[in-house]
Amino acid sequence: MNLTLRMRLSLMYGAVAAITTVAFAFIAYYTVMDELQNNLDASLLRAGNGLLAVVQREHTQQNRPLQPVKQRRRDSPDNVFEFLQRSSLREFVGPIPVTDDVFEQPPDPVWSAVYEHVLLNASSFLLQVRSAKGDIVWKSDNLLTDSLPSLRSLLPTGKGDSNRVWSWFEQDGIRYRIVVIGSSIAEVATAYPVGEIDLILVRLFKLVQWGFPVTIVVSMFIGWLLARRALKPVDRVVRSARRITAENLSERLPVPPANDEIGRLVETLNSMIARLQQSFEQVRQFTSDASHELKTPLAIMMGELEVALRNKNVGVEARAILTSCLEEVERLTHVVQGLLELSRAESGQVVIEKVPVDFSVMIADVADVIERLATRKQITLHVAIQPDLIVTGDALRLRQAVLNIVENAVKYTPAGGTVHITLLAEFNDVILRVSDTGIGIPESKLPFIFDRFYRVDQARSQDVSGTGLGLSIVRWIVDEHHGRIQVESTEGKGTTFSMVLPRTV
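Numbers 8 to 512, taken from my numbering, label the letters of the sequence shown in order.
Errors might be hidden in some of the hints.
[As the list claims (entries may be wrong)] Below, in silico cross-link-like pairs of lysine-lysine (DSS-like), each with a Cα-Cα straight-line distance of 25 Å or less:
no.	residue 1	residue 2
1	K166	K213
2	K166	K140
3	K140	K213
4	K361	K384
5	K384	K302
6	K418	K500
Calculated directly from the structure, the hints in this document are not laboratory data.
All chains, please: the whole structure from these sequences, using the hints.
Structure, rendered in structure tokens:
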């Protein structure tokens, strides 16, 4: 599939955007996941260190060992540290003073972190304190009858050392992140369910899923707009270049104001057009000069041959040779006249009259003239002419073009064939169709039949007189009348020429 440059640029822009988006989404997803996990680990660590610091400080000061939990109280408040600070509800041995004497020093940032990261969401944190012997001496209310793993049990699968370990565990179908911190006095475990983190990651993944196609579509659209804007000068150059033909090589492509790659390309194309113009002018000048130079010698040769043939003393064999020479000179004269006419036409020296012409009457006259040629070749001629069709143009040139087309149809149709001449009006056009049942033209040769001296088949054309310039002149005449000429052909079945001219109402 052939894609335009604009589409290829849009696809490339979309591909780059897709790769960039995927890379950014991948990095963002794992960065967020890593950041959430690191923050959770830091929160768990700060909470554990804060709780362990309180336990160590109070029990070191009192020099009393921790004792196992005797009884769980169901009326404990949600704030676990408020529970610890209320002496009437203590579940471990060793007093925790509730006076301000303990906090005479500036607030410990770790202790502040405990309040910041635990007290604000105490119901989600699982807290547990074990004695140095491994007995559970206290745990948060939300653990109920459950307990958190010990440091020793997590060491094989966790990350850390004998004093501190991070790990994962699952309880009642819920996955938790846990940090266990050990000391010579106690072992503190803090855990938090990772469902909230998983939910955030799922939402982020869905956002990426929905955002990816939207990003690609938007990127391709923006790429298409940028490519369209960038290629606008190219479109202008293309439109201008299409208007330049062999007849108007004096025109030049508009040079964009910016001296960029497109500007340099336009300057290069203009230089090439200038060289082509010079070459075409040299060819036209040579054709015109050669035609002029050949015209007089050919006229002299033709006159001398005609005089020689009128001499009765010329023998039969010599007369045949002179007659053949005269025919070739006449053909060459026609070629020179055709070349001279085309050269003048291309240089703008031929003036086309623009007067109303009754095209219906003209076609009827041409049909009458050509009917005699068709009769000699035993060809049937069918004529269908819509009356009163008027065109504006040069009557002599139009007649020359029509006669050439119809004459070719008769020439290339074998005996017993048929030629149809049809003239009708369609919308604002007058259409002349000339169809034959002749030898036809191969499809590969159709684009070249209006070129100078082009013959479809030299072997089959040897018996048909002509200069090879007729259709070139026909096309020039039709173009000068703002019309168009088309040809359709099937080899071995026939050819149809269609001449379309603007109708004058």
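Going through the hints against the structure:
The straight-line distance between the Cα atoms of K166 and K213 is roughly 31 Å, outside the 25 Å bound, and the hint therefore fails. Distance hint between K166 and K140 is fulfilled; the C-alpha atoms sit about 22 Å from each other, no more than 25 Å. Between K140 and K213 the CA atoms are separated by roughly 48 Å; this puts the pair beyond 25 Å, and the hint is violated. Between K361 and K384 the alpha-carbon distance is near 36 Å, which puts this suggested pair outside the 25 Å criterion.
Distance restraint check for K384 and K302: the Cα-Cα separation of roughly 33 Å exceeds the 25 Å cut-off, and the hinted pair is therefore not satisfied. A hinted pair counts as satisfied when its Cα atoms are at most 25 Å apart, and K418 with K500 qualifies at roughly 15 Å.
The structure is inconsistent with the numbered hints 1, 3, 4, 5, although it conforms to all the rest.
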